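Q: If you read the sequences in order, they're chains A, B and C.
For the first sequence, our numbering gives the first residue as -5, with consecutive numbering after it.
For the second sequence, our numbering gives the first residue as 30, with consecutive numbering after it.
For the third sequence, our numbering gives the first residue as 11, with consecutive numbering after it.
Treat the hints loosely; a few may be bogus.
[As the list claims (entries may be wrong)] The following label-pair restraints were derived from C-beta to C-beta distances:
id : chain 1 : residue 1 : chain 2 : residue 2 : range
1  : B       : Ala203    : A       : Arg45     : 32 to 38 Å
2  : C       : Lys407    : A       : Arg45     : 55 to 61 Å
3  : C       : Gly235    : A       : Pro80     : 53 to 59 Å
4  : B       : Leu46     : C       : Glu221    : 33 to 39 Å
5  : B       : Arg88     : C       : Asn80     : 50 to 56 Å
6  : C       : Asp353    : B       : Ser208    : 49 to 55 Å
7  : C       : Gly373    : A       : Leu87     : 45 to 51 Å
8  : A       : Val68     : C       : Ala497    : 48 to 54 Å
9  : A       : Pro84     : C       : Gly378    : 44 to 50 Å
10 : B       : Arg88     : A       : Val57     : 54 to 60 Å
11 : B       : Pro89     : A       : Pro128    : 32 to 38 Å
12 : C       : Asn78     : B       : Ser208    : 41 to 47 Å
13 : C       : Lys198    : B       : Leu46     : 43 to 49 Å
14 : C       : Ile458    : A       : Pro128    : 48 to 54 Å
[Claimed, not checked] 25 Å max Cα-Cα, derived PhoX-like pairs, lysine-lysine:
id : chain 1 : residue 1 : chain 2 : residue 2
15 : C       : Lys330    : B       : Lys108
16 : C       : Lys139    : B       : Lys108
17 : C       : Lys312    : C       : Lys366
18 : C       : Lys101    : C       : Lys239
19 : C       : Lys166    : B       : Lys108
20 : B       : Lys108    : C       : Lys223
21 : C       : Lys144    : B       : Lys108
22 : C       : Lys87     : C       : Lys120
23 : B       : Lys108    : C       : Lys141
24 : C       : Lys136    : B       : Lys108
25 : C       : Lys166    : C       : Lys120
26 : C       : Lys42     : B       : Lys197
27 : C       : Lys141    : C       : Lys120
28 : C       : Lys42     : C       : Lys234
29 : B       : Lys108    : C       : Lys206
30 : C       : Lys206    : C       : Lys234
31 : C       : Lys120    : C       : Lys206
32 : C       : Lys101    : C       : Lys198
33 : A       : Lys88     : C       : Lys101
34 : C       : Lys223    : B       : Lys197
[Said to hold, decoys possible] If you only want the chain B side, here are some residues facing chain A, beta carbon under 10 Å, derived:
id : residue
35 : Val167
36 : Met179
37 : Gly282
38 : Thr288
39 : Ile315
40 : Asn326
Since the hints were made in silico from the structure, they are not lab data.
Being a predicted model, the structure only gives us computed values, none of them experimental.
Glycine included, C-beta positions come from ideal geometry on N, C-alpha and C.
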Amino acid sequence: MRTEPGRREPAVASTGQVDGKPASVLESSYRNGGEIDHQNMLSLFWRSLRRSKTAVAGLVIVVVLVLVALSADVIAPNSYEDPAGPGLMPPSLKFPFGTDPLGRDIFSRVIYGTRVTLFVGLGSIVLAVVLGIPLGVCAGYYGSWFDLISMRFMDLILAFPTFLLAIVIMVILGPSTANVVLALAVVRIPIFARVVRGSVLAVKEQEFVEGARSVSASDFRLLFLHVLPNCLAPLIVSATISIAFAILLEANLSFLGLGSQPPTPSWGFDLKQNLTSLAVRPFNVVAPGLAIMATVLGFNLFGDGLRDALDPKTRK
Amino acid sequence: MRAYIIRRILLLIPTLLGITMVVFLTIQSIPGDPIEAYLGEFYEEDVATALRSHYGLDRPIHVQYVLWLGRLVRGDWGKEVLSGLPVLDQILEHLPVSLELILGAMIVALMVAIPAGIISSVRPYTPSDYTAMTGAMVGISTPEFFGGIMLVLFFSLGLGVFPVQGYKPWSAGAGEHLSHMALPILTLGLTRGAILTRLVRGCMLEVIGQDYVNTARSKGAVEFVVILRHAFKNALIPVVTVMGLQVGFLVGGTIIVETIFSVPGLGQYGINAISSRDYPAVMGFILVSSSIFVLANLTVDVLYAYLNPRIRYEN
Amino acid sequence: MLPMLITVLSILFLAFSPATDAQGAKRGGTLKVAIEGEAVNLDPLGVGFGRKVYREAIGSGLVRLDGNFNVVGDLAKSWEISDEGRVITFKLHPGGTYHDGTPLDAASVKWNFDIISGKVVPTWVKELKKKSPKYKWRNIFLGYLFHINKVEVLDKYTVRIHQNDVGKAMTLDAMSAAFSRFVLVSPKSYDMNIEKFRRHPVMSGPYKFVEWKRNRHFFAERHKGYFRKGLPYLDRIEFYFMADANQRMNALAAGEIDIINNLPIPLYATAKKTSGVKVLVGPQTMNYAFPINGQRAPWKDKRVRRALSCFGVDRAQIVKTALRGLAKPWVSYSPAGAKDALDLTAECPYDPAKAKALLKEAGYGPGGKPLKVTLTTNNSDPAHIEVSQALKLQFAKLGAAMDIRVVDYATWNRAFVRQRKLQLTLQNTLSSRTANSNSHTIHSKSGIDYYNMKDTEIDRLLDLWRSTIDPQKQIGISHKLQRYILAQGYYPNIASFSFLQATRSDVKGFTNLGKMMLDYTSVWLDR
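Turn these sequences into a full structure, and let the hints steer you where they fit.
A: The structure is reproduced here in structure tokens:
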């Protein structure tokens, strides 16, 4: 019902809904015969990305987060698990975000938390992309009943309010970090499957017109090679913004206790857990929330910049 | 137009049927059943068996589904296993509160997004635009629960303007009621407003540069009129199309916001039903929540078809 | 002469000031109480009434507890025990009514006992049985009033119960509190239409049901036919359901509510520093324990049980952090505030070396099998999550790896109580007056002995207790039981702690009765 032809779905950051138009910087870097000039593409892309201050800011945040996650063992002053001092200490030089009721260093927990957050954010979207692309290609390529059934099922997933579906899946699977990745991947698969399916259909039509013949099975590989570069741009943008969305969902699920299990340092869970101390130590409680905001902001800014860089229409 | 609407409404039926089927089948794989939740810690196994048979929970799952569906069509949504109260009554009691939250949040979102978006687009790349866009970006990146907590810290614990939490029905007085609803609505509305602000700005920028707007300008129309009558009207179409999607996010958001502010809406009802494995209540909750979303999408599509007649005939 | 005159004058004065009574209590007003859980329906006899608070507010029974946890009369003005405890004769307060006007007399009390035992079957149960023959009605009181044989009406306000030998000693204990206080329902209203009763209960307590909106509020007003004349002081009592502990605290601070029924330990500091709020700390009648499944590996080995339940736990550290110093390290089965408390904590000093040695003897640790356990807890109490993480660290020091799983209450309840498949969990117990109060969890014949000790010696000692009338002898048996449980390592306890409640400072006459009983009869507002 939301596959209504002609229905325009404008690109909106953080809803992760990206229009499936293949028009992109990649297209303009095609040479005759569909070969791609990678160097041209990259430099063009990089130049337009660099022009946007917000995109650069987003990229910086994302890179810093990745570095923090990778080097958490080195930069975190304390363990995320063992008490480092007395409980509920106010922020100080030694404990920049104070300590939690068990005496653990909240700053260190926030640092280690980047690992969990990035694992869930990146992991779920990679999984969704990896499952969504073949699904979309097959649906578009084989058409008929497979297309009908798989796309109806995608519609069904999209007919649920996303968060509600994620909750139901988590209750069924039981709370754990791996299950969060799975649940968030499931709710995101339709987005990618559809983008890819749309491109397959477009290419199929083009081939049909150009070659005046129907597409046969031997063209399957060719199709794959044609389609993927074609929809790479919307896929990348959609994936980046989906990461931001997945991180928000993870925080919400953890807040409801449906996410990672303690003592895993999950920002949403820590915030909920320490809420009882809000009146006594407000900053200790709020700190993980600020980390969530910064991370989501980073991916959103970066995703925005990517879209502007990849989509010639919005490029100024 | 009428034929289009009728066709769209008929298309709702398989969608909702699919949703209920998926939920009915999957929910049974959740560990624990309502009888155990009902009996609590102290019961004998034969009592549980007897109760399961009494509620028909011992029958094959597809039989249960068909029976449930048959009753649903006749207006019998079943009884909560735990309380014995009719599910439909309970849902009708909780639903208005959530609808009010969703509607209120929508109004707040538009009240923020339209002026902010227009101002940004009229003077793009100026300090006012940057301020609005930074604010919108921060809003988009804030999880609802964190936004709610910050609003509580500021408005309730800091300024003491609104109560921290709780709910007062309209019967307690409109002032009482609205002051309790203010923060939940603001929490939801500001996040959605942030998203819409960016959208309004983007669409306005696209439209403002177009020929007919310039024509209107050159004909000597006042800038204010040009913006509102020509540009905004056309920029509104894409804004309308995402409203359905926004309702979907609001349905999810009410679950969080109702939890934080202790508002007895459908989200709270649903979370309680899920955690006590009360199948009839869970089914009712999911059916109604998805229906809100599906109906909002339908309304948006119809509205879009109305604004953009080409659509109706394509199909 | 002068003192007498003053007395007379003051009596006159009191008599003519309608808003104050003999103790200076003011009449009228509405008390607002925040509660943390919601009832599924309002049938106090059916399983799943869930929330004691409503039952306690609108119900009354034969006996109740006073502030020192002694059994005192409620509807029963007095009672007499005879035939070595097998017969109890209750004299009732005359003149009271149920909320629907039915006289509150001996016949109605007998009817209440008889539907519990099944001698009388309510009409609605018969009708349901006609519809589905397999239907079984189950009431919560049968589980611990099983030993009552026969109930006799001697006159309009005298009722006599006859009981079996085993169990006779627990009747008053069980009826006054334990895990469910025995309250009376109006026979007229209960018998016919259970659907209506579940939404509109008719009982005999100080307040009369007005309105219930599930997940929102529960209202009750003063019952004019209450058997204790002149009570209650309040016009009305209102309960508001607030699932989140922080919301309850914030609402109390803002004066939107008057009492928090259950203040979680992590919020104690906040409540203490809030002006206009006072914190009521009851006696330490609850245990914070980490129950183990006695029938599952590795707990079948007594050495492992002893290692981890006795020497391997640094109770003081958990009390200081997760429990905010508000508990007392304690190892005995009866909590520190119980009538038969026995302080054996010195017998379980924190001694990791000794614990490791015991584990090694049992074949675990370096050179043996690795010890891995899973602790499954629920998210109903924020303290569980903190305590579980503290325990994990302490176990790690003994070479035992622990996984933590936090699930919702329904899942936890199924796994822990029904299937008994949890290896290890956390539990803050109900309040205990004596070792018998929560003994259904350890008596192998109760059917709900989820500690899974399955030890005939425990059953023997409990049965002995339940047939012993002399309180001194009871305490002796209880001490024997507690020593035995500790020696076997069956009950890994961390601490005894108090039920915390918080009220506005102008709420008077309210007593913290632990997690056992709530009584709003003599509460008044100094406003």
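Q: Work down the list of hints and note, for each, if the structure agrees.
A: Hints, verified against the model:
1. B:Ala203 with A:Arg45: 32 to 38 Å: violated, 52 Å
2. C:Lys407 with A:Arg45: 55 to 61 Å: holds, 56 Å
3. C:Gly235 with A:Pro80: 53 to 59 Å: Once the Cβ atoms are compared, 56 Å apart, the range 53 to 59 Å for Pro80 of chain A and Gly235 of chain C holds.
4. B:Leu46 with C:Glu221: 33 to 39 Å: holds, 38 Å
5. B:Arg88 with C:Asn80: 50 to 56 Å: This hint holds: roughly 52 Å between Cβ atoms.
6. C:Asp353 with B:Ser208: 49 to 55 Å: holds, 52 Å
7. C:Gly373 with A:Leu87: 45 to 51 Å: holds, 48 Å
8. A:Val68 with C:Ala497: 48 to 54 Å: holds, 49 Å
9. A:Pro84 with C:Gly378: 44 to 50 Å: Because 45 Å falls inside the window, the suggested range holds.
10. B:Arg88 with A:Val57: 54 to 60 Å: holds, 57 Å
11. B:Pro89 with A:Pro128: 32 to 38 Å: holds, 34 Å
12. C:Asn78 with B:Ser208: 41 to 47 Å: At roughly 44 Å between Cβ atoms, Ser208 of chain B and Asn78 of chain C fall inside 41 to 47 Å, so the hint holds.
13. C:Lys198 with B:Leu46: 43 to 49 Å: holds, 47 Å
14. C:Ile458 with A:Pro128: 48 to 54 Å: Holds, at about 51 Å.
15. C:Lys330 with B:Lys108: Given pair Lys330 of chain C, Lys108 of chain B is violated - Cα atoms ~47 Å apart, limit 25 Å.
16. C:Lys139 with B:Lys108: holds, 18 Å
17. C:Lys312 with C:Lys366: holds, 14 Å
18. C:Lys101 with C:Lys239: Distance of about 17 Å is within 25 Å: holds.
19. C:Lys166 with B:Lys108: violated, 41 Å
20. B:Lys108 with C:Lys223: Roughly 16 Å between the alpha carbons, so the hint for Lys108 of chain B and Lys223 of chain C holds.
21. C:Lys144 with B:Lys108: holds, 19 Å
22. C:Lys87 with C:Lys120: holds, 16 Å
23. B:Lys108 with C:Lys141: Given that 25 Å is the threshold and the Cα spacing comes to 17 Å, the pair holds.
24. C:Lys136 with B:Lys108: holds, 20 Å
25. C:Lys166 with C:Lys120: holds, 11 Å
26. C:Lys42 with B:Lys197: holds, 14 Å
27. C:Lys141 with C:Lys120: violated, 28 Å
28. C:Lys42 with C:Lys234: holds, 20 Å
29. B:Lys108 with C:Lys206: Holds, because 14 Å separates the two Cα atoms, which is no more than 25 Å.
30. C:Lys206 with C:Lys234: Holds - the C-alpha atoms of Lys234 of chain C and Lys206 of chain C are around 22 Å apart, at most 25 Å.
31. C:Lys120 with C:Lys206: Holds, at roughly 23 Å.
32. C:Lys101 with C:Lys198: holds, 22 Å
33. A:Lys88 with C:Lys101: Distance ~68 Å between Lys88 of chain A and Lys101 of chain C Cα, so the pair is violated.
34. C:Lys223 with B:Lys197: At roughly 12 Å apart (the allowed maximum being 25 Å), Lys197 of chain B and Lys223 of chain C satisfy the hint.
35. Val167: holds, 7 Å
36. Met179: Where the cut-off is 10 Å and the nearest Cβ of chain A is about 8 Å from Met179 of chain B, the hint holds.
37. Gly282: Holds. Min distance 7 Å.
38. Thr288: holds, 7 Å
39. Ile315: Since the shortest Cβ distance to chain A is 7 Å, the answer is holds.
40. Asn326: holds, 6 Å
Of the numbered hints given earlier, the model fails hints 1, 15, 19, 27, 33; all others are met.
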